[in-house]
Each structure stands twice: as C-alpha cells, then as structure tokens.
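Each position in the sequence shown, counted from 1, maps to that position plus 6 in the numbering used here.
Hint data in this document are derived by calculation from the structure and do not stem from the laboratory. For every residue, glycine included, the Cβ atom is placed at its ideal position computed from N, Cα and C. Every clue listed holds true.
Below, a list of computed lysine-lysine pairs in the BS3-like style, where the Cα atoms sit at most 25 Å apart:
no.: 1; residue 1: LYS106; residue 2: LYS130
no.: 2; residue 1: LYS31; residue 2: LYS92
no.: 3; residue 1: LYS31; residue 2: LYS106
no.: 4; residue 1: LYS106; residue 2: LYS92
no.: 5; residue 1: LYS106; residue 2: LYS128
Label-pair distances were calculated between CB atoms; the ranges are:
no.: 6; residue 1: ARG95; residue 2: PRO184; range: 26 to 34 Å
no.: 7; residue 1: GLN20; residue 2: VAL156; range: 18 to 26 Å
no.: 8; residue 1: HIS154; residue 2: LEU196; range: 27 to 35 Å
no.: 9; residue 1: SER164; residue 2: GLU82; range: 36 to 44 Å
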Amino acid sequence: MSETVKVVLCGPPQSGKSCLREGLKKAIRCIPGAPYPFAVTVNPDGEGSWFAETAKRDLMAATQYKNAYKTAFTPEFAMSRSEWVKNCREPLAIFDVGGKISSANRLIMQYATHGVILAGDKSKIPAWQEFCTDLRLETIAIIHSDLHEVCDRIDSESPILTGTIHRLQRGEDVSSRPMIQALARVLVGLV
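Build the full structure now, drawing on both the sequences and the hints.
As structure tokens, then:
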C-alpha cells in the first residue's frame with residue numbers, strides 16, 4: 007500500500023471522466039472513515055472540480071467560466087500539472103487527465119500510482135492499458151462508458167474492476183451508481 011494513492015482517470019475524450027470524478031468524490035465522502043478524495047483536473051479543458059456544482063446553479067455562468075479558463079496544452083502547462091501530481095501528499099488524490107495519449111499526459115501521469123481507464127469506445131482501451139503499463143501505473147479499473155445503457159454492469163471486481171457504467175451525463179448525480187460505488191470501495195481500500 008502506498009502512503010499517497012494517486013489515481014489518474016484516463017481514457018479517450020468524451021468518455022465521461024469529469025462526471026465520473028464528481029460521482030466518485032461524492033461516493034467516497036459517504037464511506038465511513040474514508041479519506042477526503044482530493045480531486046483535481048490536470049487537463050486544460052477549463053472544466054475544474056468546481057464546474058459540476060457551478061453548473062447546477064447556473065449553467066450559463068459555468069460555461070462562460072470554463073471557456074475563460076480553457077487553455078492550450080503547452081509544455082509549461084503539462085510541467086506545472088506534473089509537479090502537482092508529484093508533490094501531492096493527500097492520502098487519496100484523483101487526477102482527471104486529458105483524453106489523449108500524448109507526451110503531455112505522459113509527463114503528468116508519471117508520478118501517479120494507479121490508473122482507471124474509462125472509454126466510450128472499447129476499441130481504445132488497449133492503447134490506454136499499454137500507456138498505463140508503460141508508466142508503471144497499476145490499472146485498477148477498466149470501465150466502458152455507455153451513454154445509451156439503462157443500468158451499470160459489473161463484470162469483475164478482482165483483480166481489476168471491469169464493466170459498464172451507464173449515462174454519465176453532466177448535471178446528474180451518478181454517485182449511487184453500482185459501478186461508482188464499487189470503484190469508490192476499491193479506491194478507499196488502497197489507502
């Protein structure tokens with residue numbers, strides 16, 4: 007077990023990583039004795055951890071802020087986010103990375119300890135598995151994100167959590183979904 011568990015939520019774009027992050031934060035906070043889930047966005051899409059709460063209150067304002075904070079994925083940006091991951095000392099940290107296999111994400115993810123792969127397109131999963139393996143990240147979950155499904159499906163919980171999560175839609179509370187509950191237990195169990 008690691009002193010600090012640093013988990014990256016990774017996978018192709020538009021898979022629902024930010025929605026997963028928000029659901030996980032809420033689910034983990036409901037587990038008695040769990041550490042605070044320190045969740046950080048380390049990609050330049052402008053959608054920080056604040057976005058979901060702000061969007062619930064005022065979607066137009068949240069979208070304006072997101073567009074204002076959106077920036078390019080420059081080497082400087084990647085280096086600064088890499089330092090965030092490297093220097094994080096929280097017991098449980100969750101990092102929402104960009105949706106591309108790139109040198110920038112390699113730099114950012116190199117200091118993480120574990121990977122959760124979320125993909126809407128199953129054919130993209132092997133490339134992300136290889137990317138995590140190259141970075142020596144222990145892949146703890148491989149989840150298919152299906153916007154059109156009506157329920158979650160857990161195929162396996164050990165040694166890797168696998169299955170499908172349904173309808174990761176912005177603005178919806180997904181924290182009680184079976185896949186998110188299972189992943190929350192896995193993460194808390196690592197601490």
